[in-house]
Amino acid sequence: MAAAPPARELTQNPLQKTWEPYDNGLPAGHSAQRGVCMTNCPTLIVMVGLPARGKTYISKKLTRYLNWIGVPTKEFNVGQYRRDLVKKYKSFEFFLPDNEEGLKIRKQCALAALNDVRQYLSEENGHVAVFDATNTTRERRETIYKFGEENGYKTFFVESVCVDPEVIAANIVQVKLGSPDYVDCSNDEATEDFMKRIECYKNSYETLDETLDKDLSYIKIMDVGRSYLVNRVMDHIQSRIVYYLMNIHVTPRSIYLCRHGESELNLKGRIGGDPGLSVRGKEFAKSLAQFINEQNIKDLKVWTSQMKRTIQTAEALGVPYEQWKVLNEIDAGVCEEMTYEEIQENYPLEFALRDQDKYRYRYPKGESYEDLVQRLEPVIMELERQENVLVICHQAVMRCLLAYFLDKPAEQLPYLKCPLHTVLKLTPVAYGCKVESIFLNVEAVNTHRDKPENVGVDRSREEALRTVPTHL
Amino acid sequence: MQNHSGCLNRGIRRPLGSVSCAKLQQNVHRVCMTNCPTLIVMVGLPARGKTYISKKLTRYLNWIGVPTKEFNVGQYRRDLVKKYKSFEFFLPDNEEGLKIRKQCALAALNDVRQYLSEENGHVAVFDATNTTRERRETIYKFGEENGYKTFFVESVCVDPEVIAANIVQVKLGSPDYVDCSNDEATEDFMKRIECYKNSYETLDETLDKDLSYIKIMDVGRSYLVNRVMDHIQSRIVYYLMNIHVTPRSIYLCRHGESELNLKGRIGGDPGLSVRGKEFAKSLAQFINEQNIKDLKVWTSQMKRTIQTAEALGVPYEQWKVLNEIDAGVCEEMTYEEIQENYPLEFALRDQDKYRYRYPKGESYEDLVQRLEPVIMELERQENVLVICHQAVMRCLLAYFLDKPAEQLPYLKCPLHTVLKLTPVAYGCKVESIFLNVEAVNTHRDKPENVGVDRSREEALRTVPTHL
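Residue numbers (UniProt numbering), protein chains in the order written: chain A, 1 to 472; chain B, 1 to 467.
Everything labelled a hint here was simulated from the structure, so no lab data went into it. Treat the numbers as computed from the prediction; the structure is a model and nothing was measured. We put the beta carbon where it would ideally sit given N, CA and C, even for glycine. Don't take each hint at face value.
[What the hints assert, rightly or not] Partial pick of chain A residues on the chain B-facing surface, computed with a CB cut under 7 Å: (1) T18; (2) W19; (3) P21; (4) Y22; (5) R64; (6) S227; (7) L229; (8) V230; (9) N231; (10) Y243; (11) N247; (12) T251.
Based on the provided sequences and hints, a complete structural model is requested.
Structure below.
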């Protein structure tokens, strides 16, 4: 047996504080950082189902989730390709099974979308592509599966089956009436046309079959999540996708996000720590209680972190609440309880690195926003399961949660505005989330520090501190 | 369970001794807040893995902090009918047999009721064939009457190879067949299975559409999941969908001895000592000799585990959640310094090492919560070597060996020793391999005196020697 080569030297990445092996002064391979999931080959998710079964809803939501947890994902909606090609939608007749012209265009769109999938996964470092189309025939699915095989992708089918006419009618109202296809129609005309569109697909619809499709990897979602059939989950990412899909629901509800009331350290411009509320912070807690009462929310769950300031805030509400350690504020390590001026004084290099990449930057002996997202994932999963929830948390934590709901990318996440004493009410609508921002009329310091112009390590103290908000 | 008005200070750090742990934990988010207890009901013909799943699921739930207990009706039968004669006991027209089996089922359900309603159990796993709709209705009604949520777990398998393998793994060694040859046992058991087949009513998509259940088909090739009602059921489904039975081994070890280990200091991010580097080379040799198929190697993001992995010369994955327990203000201290600076904390830790959280740090209980994704991925994987840390390794080991919270923080995980875990029957075989490179001992036993008024000497009595 050959002797193992001498162990390589390790150096610590100054931004992320991770230890990486170096070979002759250059970063070497063989050491992978565990992201949420290490996918070796790209994954192609293929949606299956009649129109108005929630395929696009699921595609967009799944894409948003995967991107948030750090898996580069993109959705490809074939209907959108059709709208780009055929400028004006006339009627359901485009979708008749014997409309040669229509079939030709639709096939062309599907191939154009698959080509973009290939570019995304094989050339642009995408990890997951979601192919959103009806894909209702076994023949079409075989074509796509072969495409996946040829390109070295793992294919996973997601079928949505629903026969409940009320659900379908509600879907049509939510997302079809406002579609570009029906911009010139009345609601009744649009609904009537869309129902005929669905009929066009029904005769040729071949649902995923336990016997005929036993070798495929898929999840069949029935009746908006009442039951699921899961077949041949192949790897970690598919397992996560299945878990996520089994936890989401469409019951209307609202999620309220806010920070703790202003704290004693907030007043002094200090970060982190475990301080109590200031006088104004306590005022806010009372205002929050009043606001929550007035909202008259059904079965509201209240969550806090395990830090004193969020718990004090919740106490004012006079209702049961759950404490989550994973909702604690980002750990600033050696910079805990410092002002930005002190950080600049003691750690000017760290301060600059943070401004260069605020998402990935990890405080020495602390955490990064990227770490935060990983520890908040169970919160997001449980938020998906729940209905009405109020989450009383912290600035960095709230930014992460907000980025998930509003689909904000990593670059923007650490700069999202989450001021004190302001409640954000998030209500899912159509394919996204409506946000209402309610300032509860109790003044507080501003804790938002924008990215300065100069992020170079050789910048002056004044340049570094220019965007620090005022404090005592 | 959730009355908080008047409990202002619950979340604020208080010394462990002043408020009972149960109260402290009251509305602190454990993994799952189940409002009503859950009754899990296994369903399936003999030799379909029901007991395997029951035991594994129970082990997992207890590890993540959900008090769970399994109730195996076959065991009740063995306790009542001292000597098993033959499969004829299970014939559908054996009146005596039917009477005894019903009696056992009721006795088990009574114990379930006591566990869930009187002993603060959260989940009970009722392990029996439960193959008729009538029997399942009886149990469901029992659940309803007592305010339990019922969740069925059915295992369906027709592959004769799998069934034969199950019989070899867990039936031949059963007390029922202690006086039989393997052939006699197998023959009898196959006839036992036949006794159930005629009356077997599998969970049906239409007839049972209002029940909550998961149907596991062909050892996990596919699953049918119906009406998951709450968080705990969702977690159970996720877990069951990630486990497999493919033979494999899990290797656990710590990093090589570090510079701080030598000085008796805890935590920090030190590099390996000379002997630690020796160990890394020995580990590489050991791994080579084991000739493991497709071995995955995982480390933490701390220098000492990564340095250890580097010596193996193979790809490895770094997990931040595998980092050692955060000792907060006590990081890089010796025990002597902790006693000097934080004698109260030091005593509290000895009083309840599992739940004790270092100031600005973590507890073992916190560790378990952050390690749960590691356990889930270990279940999905096959051959894995995890190079981690003392407290982390104790948590992982406790999961595999089903050690309760009280014992977990005192499990022995010495440096330079690899533990090879191989699933076998209903549990885990452990082989401990010391790789013949000396290292300091870092194991500190629980001292006799854990009172806050103890002397310095009493506190430090069990501290292992160091430079």
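Taking the hints in turn, this is what the structure says about them:
For T18 of chain A, the suggested interface contact is upheld, since its CB lies about 6 Å from the closest CB of chain B, less than 7 Å. The interface hint given for W19 of chain A holds, since its Cβ lies 5 Å from the closest Cβ of chain B, which is under the 7 Å cut-off. At its closest, the beta carbon of P21 of chain A sits 6 Å from a beta carbon of chain B; the interface hint therefore holds under the 7 Å criterion. Below 7 Å, beta-carbon pairs count as interface contacts, and Y22 of chain A has none with chain B, the closest being about 11 Å; its hint is therefore violated.
With a least beta-carbon distance of about 20 Å to chain B, the hint placing R64 of chain A at the interface is violated under the 7 Å criterion. The beta carbon of S227 of chain A is positioned within 7 Å of a beta carbon in chain B (closest approach about 4 Å), and the interface hint is therefore held. Interface restraint check for L229 of chain A: the shortest CB-CB distance to chain B comes to about 5 Å, inside 7 Å, so the restraint holds. With a least beta-carbon distance of about 4 Å to chain B, the hint placing V230 of chain A at the interface is held under the 7 Å criterion.
Among the interface hints, the one on N231 of chain A holds; its C-beta lies about 4 Å from the nearest C-beta in chain B, closer than the 7 Å criterion. Because the beta carbon of Y243 of chain A sits about 5 Å from the nearest beta carbon in chain B, less than 7 Å, this interface hint is met. A cut of 7 Å between beta carbons decides the hint on N247 of chain A: the least distance to chain B is about 6 Å, and the hint holds. Here the hint on T251 of chain A is broken, as its CB sits about 14 Å from the closest CB of chain B, past 7 Å.
Hints 4, 5 and 12 from the list above are not met by this structure, while the remaining hints are.
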